[in-house]
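Participant: Model the full assembly from the supplied sequences, consistent with the hints where possible.
Protein chains: 2
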Amino acid sequence: MSIAQFRAALGEIAVEDRAALVQQRSRDHYWYSPILKQKLDHVCADLVVSPRSIAEVKTVLAAAYRHGIAITARGAGTGNYGQAMPLAGGVILNLMQMNAVLDIKPDRVRAQAGAVMEEIDHQTRAAVGGELRFHPSTNRSASIGGFIAGGSAGVGSIRWAGLRAFGNILGLKVITCEETPRELDLVGKDILKVAHAYGTNGIIVEVEMPLTQSHQWIDVMVGFPDCIAACRFAEAVGLQDGLLVKEVGICAAPIAQDYFNRHKAYVRPGQSIVILMVAPVAIEAMAVFIEHHAGELLLRGDQLDADEKKRLPPIYELGWNHTTLRAIKVDPSITYLQTRYPSVEHVRTIIDIFGDELPMHIEVARQDGRVAFAGLPLVRYTSEERLEEIIAIHEANGCAVFNPHRYTLEEGGMKRTDEVQLQFKRQADPSGRLNPGKMIAWDDPNFDLTSGRAWLFSGLAPVEP
Amino acid sequence: MSIAQFRAALGEIAVEDRAALVQQRSRDHYWYSPILKQKLDHVCADLVVSPRSIAEVKTVLAAAYRHGIAITARGAGTGNYGQAMPLAGGVILNLMQMNAVLDIKPDRVRAQAGAVMEEIDHQTRAAVGGELRFHPSTNRSASIGGFIAGGSAGVGSIRWAGLRAFGNILGLKVITCEETPRELDLVGKDILKVAHAYGTNGIIVEVEMPLTQSHQWIDVMVGFPDCIAACRFAEAVGLQDGLLVKEVGICAAPIAQDYFNRHKAYVRPGQSIVILMVAPVAIEAMAVFIEHHAGELLLRGDQLDADEKKRLPPIYELGWNHTTLRAIKVDPSITYLQTRYPSVEHVRTIIDIFGDELPMHIEVARQDGRVAFAGLPLVRYTSEERLEEIIAIHEANGCAVFNPHRYTLEEGGMKRTDEVQLQFKRQADPSGRLNPGKMIAWDDPNFDLTSGRAWLFSGLAPVEP
Ligand SMILES: Cc1cc2nc3c(=O)[nH]c(=O)nc-3n(C[C@H](O)[C@H](O)[C@H](O)COP(=O)(O)OP(=O)(O)OC[C@H]3O[C@@H](n4cnc5c(N)ncnc54)[C@H](O)[C@@H]3O)c2cc1C
Ligand SMILES: Cc1cc2nc3c(=O)[nH]c(=O)nc-3n(C[C@H](O)[C@H](O)[C@H](O)COP(=O)(O)OP(=O)(O)OC[C@H]3O[C@@H](n4cnc5c(N)ncnc54)[C@H](O)[C@@H]3O)c2cc1C
Numbered sequence: 001m002s003i004a005q006f007r008a009a010l011g012e013i014a015v016e017d018r019a020a021l022v023q024q025r026s027r028d029h030y031w032y033s034p035i036l037k038q039k040l041d042h043v044c045a046d047l048v049v050s051p052r053s054i055a056e057v058k059t060v061l062a063a064a065y066r067h068g069i070a071i072t073a074r075g076a077g078t079g080n081y082g083q084a085m086p087l088a089g090g091v092i093l094n095l096m097q098m099n100a101v102l103d104i105k106p107d108r109v110r111a112q113a114g115a116v117m118e119e120i121d122h123q124t125r126a127a128v129g130g131e132l133r134f135h136p137s138t139n140r141s142a143s144i145g146g147f148i149a150g151g152s153a154g155v156g157s158i159r160w161a162g163l164r165a166f167g168n169i170l171g172l173k174v175i176t177c178e179e180t181p182r183e184l185d186l187v188g189k190d191i192l193k194v195a196h197a198y199g200t201n202g203i204i205v206e207v208e209m210p211l212t213q214s215h216q217w218i219d220v221m222v223g224f225p226d227c228i229a230a231c232r233f234a235e236a237v238g239l240q241d242g243l244l245v246k247e248v249g250i251c252a253a254p255i256a257q258d259y260f261n262r263h264k265a266y267v268r269p270g271q272s273i274v275i276l277m278v279a280p281v282a283i284e285a286m287a288v289f290i291e292h293h294a295g296e297l298l299l300r301g302d303q304l305d306a307d308e309k310k311r312l313p314p315i316y317e318l319g320w321n322h323t324t325l326r327a328i329k330v331d332p333s334i335t336y337l338q339t340r341y342p343s344v345e346h347v348r349t350i351i352d353i354f355g356d357e358l359p360m361h362i363e364v365a366r367q368d369g370r371v372a373f374a375g376l377p378l379v380r381y382t383s384e385e386r387l388e389e390i391i392a393i394h395e396a397n398g399c400a401v402f403n404p405h406r407y408t409l410e411e412g413g414m415k416r417t418d419e420v421q422l423q424f425k426r427q428a429d430p431s432g433r434l435n436p437g438k439m440i441a442w443d444d445p446n447f448d449l450t451s452g453r454a455w456l457f458s459g460l461a462p463v464e465p
Numbered sequence: 001m002s003i004a005q006f007r008a009a010l011g012e013i014a015v016e017d018r019a020a021l022v023q024q025r026s027r028d029h030y031w032y033s034p035i036l037k038q039k040l041d042h043v044c045a046d047l048v049v050s051p052r053s054i055a056e057v058k059t060v061l062a063a064a065y066r067h068g069i070a071i072t073a074r075g076a077g078t079g080n081y082g083q084a085m086p087l088a089g090g091v092i093l094n095l096m097q098m099n100a101v102l103d104i105k106p107d108r109v110r111a112q113a114g115a116v117m118e119e120i121d122h123q124t125r126a127a128v129g130g131e132l133r134f135h136p137s138t139n140r141s142a143s144i145g146g147f148i149a150g151g152s153a154g155v156g157s158i159r160w161a162g163l164r165a166f167g168n169i170l171g172l173k174v175i176t177c178e179e180t181p182r183e184l185d186l187v188g189k190d191i192l193k194v195a196h197a198y199g200t201n202g203i204i205v206e207v208e209m210p211l212t213q214s215h216q217w218i219d220v221m222v223g224f225p226d227c228i229a230a231c232r233f234a235e236a237v238g239l240q241d242g243l244l245v246k247e248v249g250i251c252a253a254p255i256a257q258d259y260f261n262r263h264k265a266y267v268r269p270g271q272s273i274v275i276l277m278v279a280p281v282a283i284e285a286m287a288v289f290i291e292h293h294a295g296e297l298l299l300r301g302d303q304l305d306a307d308e309k310k311r312l313p314p315i316y317e318l319g320w321n322h323t324t325l326r327a328i329k330v331d332p333s334i335t336y337l338q339t340r341y342p343s344v345e346h347v348r349t350i351i352d353i354f355g356d357e358l359p360m361h362i363e364v365a366r367q368d369g370r371v372a373f374a375g376l377p378l379v380r381y382t383s384e385e386r387l388e389e390i391i392a393i394h395e396a397n398g399c400a401v402f403n404p405h406r407y408t409l410e411e412g413g414m415k416r417t418d419e420v421q422l423q424f425k426r427q428a429d430p431s432g433r434l435n436p437g438k439m440i441a442w443d444d445p446n447f448d449l450t451s452g453r454a455w456l457f458s459g460l461a462p463v464e465p
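Heads up: the sequence lines are chains A and B, in that order. Oh and the first sequence: position 433 is 433 in full-length UniProt numbering, straight run, nothing missing. Oh and the second sequence: position 224 is 224 in full-length UniProt numbering, straight run, nothing missing.
Hints were generated in silico from the structure; no laboratory data involved.
Heads up, the list lumps identical chains together, so a pair's fine if it works in one copy or across two of them.
Computed list of lysine to aspartate or glutamate pairs in DMTMM-like fashion (alpha-carbon distance at most 20 Å, straight line):
#1 189 with 291
#2 309 with 118
#3 105 with 302
#4 173 with 284
#5 189 with 284
#6 105 with 284
#7 189 with 296
#8 39 with 411
Bear in mind that the values here come from a model prediction, so they are computed numbers and not experimental data.
Facilitator: Structural data, given as structure tokens:
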């Protein structure tokens, strides 16, 4: 391997080698996890390469193949499991220069992988009154390619579920890492091979996504005396098929009071809150529904004056991993987990066991056609042992954990690498240049692909007879 | 009561009194039920009155109040429980002359009650690329007011549930039957008072409904070796949050073979079928999903040639109550039931018990946020006693029945008349002129409002503590 020869092969392609900048681009939000922080702090690439076209991507990948250079794709670097960190050094492939929105139709959009999701929505709203079905809470910075390769669900998943749900991605154009890189157009079942694969088996250069009707979503915050009442209301909202919402999140006290700098002024001491994004067409019915559930309407975006509105971040930036971010900013000792609570009773059990050690945060989202509690509880971190214990207690109580303190695809529990995906990597990245170290099944041929645990990205499940 | 004085009070308002026409307008599709056929055959009004404006509706209702004339509202008369039949004679109030689409916004439409649903969609698609969330399979004839007053769910309910789901109706303008009829604008919770009330407590003159993104839905028919495999596939489709569909219906063999005149050419002997309406954005993923479930793709609307396409009715006219209609046309001895099957296993039990006496037809729809089997099984009718027995066996096996052989609101099990609705009738129709005989709670003050059975329209359910 020779980084000099690799570099020489790039021609006019933009390259960055200043140490401080390369180190910055070698990191994502891995520091959400004290464990990953320790394990990955030293990780650093040699170069950042920023192609501007498919041809340039091919040149980079051909050179990487020939000269034995590791390639780690990077969008905005907002992933928080170290997904985009170059374990084997080499090159950070920065896709953010490829950010064009290519084609907009009433029901779909085609964009380059580096397009920022908010910008896509901006353009599709103007062109056809449509928007992406869902986006991560990092909407304002994350790339669509990074979301597909490293994300799972987000704002809008209460209606459309997440990326793993069939039909939520229409097509991906992927470049392979071979002697002569190929351009593959994946549709249908093949999409599952590359979605949430951390860029280990192909570089996504274009995506095609469905559009849904756009709305001027109204931010709403509702207060409840305790987290369980908040959960009941949130679940009931999720089950109302006619009440069009884009976000339903639950933050137990004292999350809002302690960590939501701007929004805490609206919340009373001790209140647990539900955050909502409500379509204008549903706002009157929602007001009735809140009253019916004895919730206190704390904030309604369409009734704020312009000044007040300007001071507040969009309410989805209180949810998903932004809840964690806000907490860490105030108290750096905090971290979090990703869990699944099968029912309100499970939430109650976990709250009873952990109390304030685990300030509860849950996103209500659809999964496989059912309204589910996707937990993102904060954890007041003390030690790795205690964190493992908290995970074990969750599992012992029937609550699955997708461990965000692991940087491999499989250990996080999000993705089960099956034979089909492995096979695809053999074709698309035969020499294992792409994000090495992130797919266990590749590095360890004895890895058990059939392990019985619950995987978020499980492919097409077999049909019951 | 004096029909002559009443008539004199109408002035210029259009009136029809020719016996044959009045009798025709005194009937709906009550003959779906051999029991209602017998009970209601003699029912006939004295006059049909066809107002063209709110002012004319008020004139009619004031005259009815003053002169003691019963008023039964009528849209297209496609209801099939005798809802629109004038048990006490008097006047049929024909709303079909009030059919203007009044206002279209990207997310909502306002129309007069007599507007035909297909025509509303036609106009909203052209104006804003939107369509109604769902419609009955009588889309091409039914009025929006008649649907709200007498219908429940339909094509699109797989995504949006039915009329009873909060948020699916935005507003109703209702005229009361009093000395001086009032114009009430019902929004929020108040809508529940009048929805599915058979016009017993107010005449709906305008409605406001939410619009969703319109699509060029593709008709699809899939074959399976048996009804249970068809049910499993249909349920799985319903649970796919990312696969955008508008219709999922199951017809066991030999329904398609015996009763679907045009479509039967596509179906093999013995096949049970699933009918689908699929958004173009979901059609490729659906093809994969069908294959994954070992379904046989029998028909795909976007791949038919123009001639073939013209010969076929829209596929939704094989579903909902059109399945029954097609069967009755071929075999007049057939009738049907409305049931709820909690699971595929319940369907299997019922099929095992009844076999060919009950050719199975199920619509898959959302109810309270869950994907549900709304059964509309055909029944090879022999006697009223046997029909009661079939109902009893359903209930004994945990399958609720909404009896379509009853003409009152309550006995059909669709609507629980609660104190709030009764109270509303006291205000809106103090002398009980509107569709007399259809609301038991009005006629029988001792009627038990709190009866424990399952009601489709249950109002806002109490919140669990
Ligand atoms: C505050 C905060 C909130 C968040 N909220 C959410 C949320 O709501 N939902 C959610 O799912 N995630 C969330 N995340 C995680 C992350 O932001 C999202 O997954 C995001 O969409 C990642 O996009 P990115 O452009 O930053 O990708 P990156 O972090 O740059 O990359 C993510 C992964 O994808 C790979 N990759 C990037 N681009 C490509 C490409 N073109 N081809 C192949 N592989 C590629 C990278 O190698 C990496 O493995 C959040 C993170 C933070 C810090
Ligand atoms: C073949 C067939 C298929 C069907 N499919 C479906 C289906 O998919 N889903 C479904 O829910 N139903 C279905 N139905 C039942 C019926 O067609 C629908 O409910 C339909 O929407 C009724 O509309 P309409 O205009 O014909 O109403 P009508 O039959 O004229 O009236 C229905 C009821 O509403 C009252 N009413 C009518 N207009 C007003 C008004 N303006 N104000 C107050 N009260 C009023 C009438 O008095 C009557 O009680 C079907 C029926 C048939 C025959």
